[in-house]
Amino acid sequence: AQSVTQLGSHVSVSEGALVLLRCNYSSSVPPYLFWYVQYPNQGLQLLLKYTSAATLVKGINGFEAEFKKSETSFHLTKPSAHMSDAAEYFCAVSDYQGAQKLVFGQGTRLTINP
Amino acid sequence: DTGVSQDPRHKITKRGQNVTFRCDPISEHNRLYWYRQTLGQGPEFLTYFQNEAQLEKSRLLSDRFSAERPKGSFSTLEIQRTEQGDSAMYLCASSRQGNQPQHFGDGTRLSIL
Chain A
231 AQSVTQLGSH VSVSEGALVL LRCNYSSSVP PYLFWYVQYP NQGLQLLLKY
281 TSAATLVKGI NGFEAEFKKS ETSFHLTKPS AHMSDAAEYF CAVSDYQGAQ
331 KLVFGQGTRL TINP
Chain B
3 DTGVSQDPRH KITKRGQNVT FRCDPISEHN RLYWYRQTLG QGPEFLTYFQ
53 NEAQLEKSRL LSDRFSAERP KGSFSTLEIQ RTEQGDSAMY LCASSRQGNQ
103 PQHFGDGTRL SIL
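Chain order of the listed sequences is A and B. One rule links them: number in the working numbering = place in the first sequence (from 1) + 230. One rule links them: number in the working numbering = place in the second sequence (from 1) + 2.
Simulated from the structure, these hints should not be mistaken for lab results. Built from N, CA and C at the ideal position, the CB exists for glycine as well. Worth double-checking, as some hints may not be accurate.
What the hints assert, rightly or not - Listed next, the in silico SDA-like pairs over lysine to any residue satisfying Cα-Cα at most 20 Å (straight line):
#	chain 1	residue 1	chain 2	residue 2
1	B	K59	A	D325
2	A	K279	B	P103
3	A	K279	B	E46
4	A	K279	B	K59
5	B	K59	A	K288
6	A	K288	B	L63
7	A	K279	B	G5
To be verified - To give an idea of the interface, some chain B residues facing chain A are shown, with a C-beta separation under 7 Å as derived from the structure:
#	residue
8	Q43
9	P45
10	A55
11	E58
12	P103
Make the full structure from the sequences, and use the hints.
Written as structure tokens, this is what we have:
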């Protein structure tokens, strides 16, 4: 069975500082990996996806993530945090076949300090 | 595209009542998913349709829950005899076939009194 672990339920950084949100996955087959962002009382918006092409994936709003098979990790980074980045972030894994349902981590709440 | 639409956005009901939610996916998407999200948790998969066929159901989906997608377009999720534990955000997502990303609606928040 697939699973995702997000290290740190709450991360706080200063505006302009580096953002690093950690995600480790477990999958018995080559995974597809995703990062989604959720603002209060809204659905999830796709930030980026890894589908076995380039290991460094660039997404929207200046975010990027690197797939490291040896570490089973897919950490999300952004060089310079902006106040508008404050939200809940979810890492998810899916199979590349069948239902391709998403298995989510528990989320990391990102707070940006002025 | 106009995005995934869910209705209603909020539903408050008394324990024991039946509720039904609707999801309108992006028009050209043949896959439709339902997820449930409780406070402080990530979404959990409930069920999945490809066109009108319901192909997979989670064990989370008790016999009080039923989902339909009669013409392969919109979908409904019904909960019968609601319980306190059903209080959650119910999210719908749609995608094209072939490892395409899922697009989520804004969800229906269910509160059971």
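A quick look at each hint next to the structure:
1. B:K59 to A:D325: 16 Å, holds
2. A:K279 to B:P103: 8 Å, holds
3. A:K279 to B:E46: Holds. A:K279 to B:E46 sits at ~19 Å (cutoff 20 Å).
4. A:K279 to B:K59: Violated: A:K279 and B:K59 sit about 25 Å apart, past 20 Å.
5. B:K59 to A:K288: Violated. B:K59 to A:K288 sits at ~33 Å, over the 20 Å cutoff.
6. A:K288 to B:L63: 36 Å, violated
7. A:K279 to B:G5: 19 Å, holds
8. Q43: 6 Å, holds
9. P45: 5 Å, holds
10. A55: 11 Å, violated
11. E58: With a closest approach of 5 Å, the B:E58 hint holds.
12. P103: Nearest chain A Cβ about 5 Å off; hint holds.
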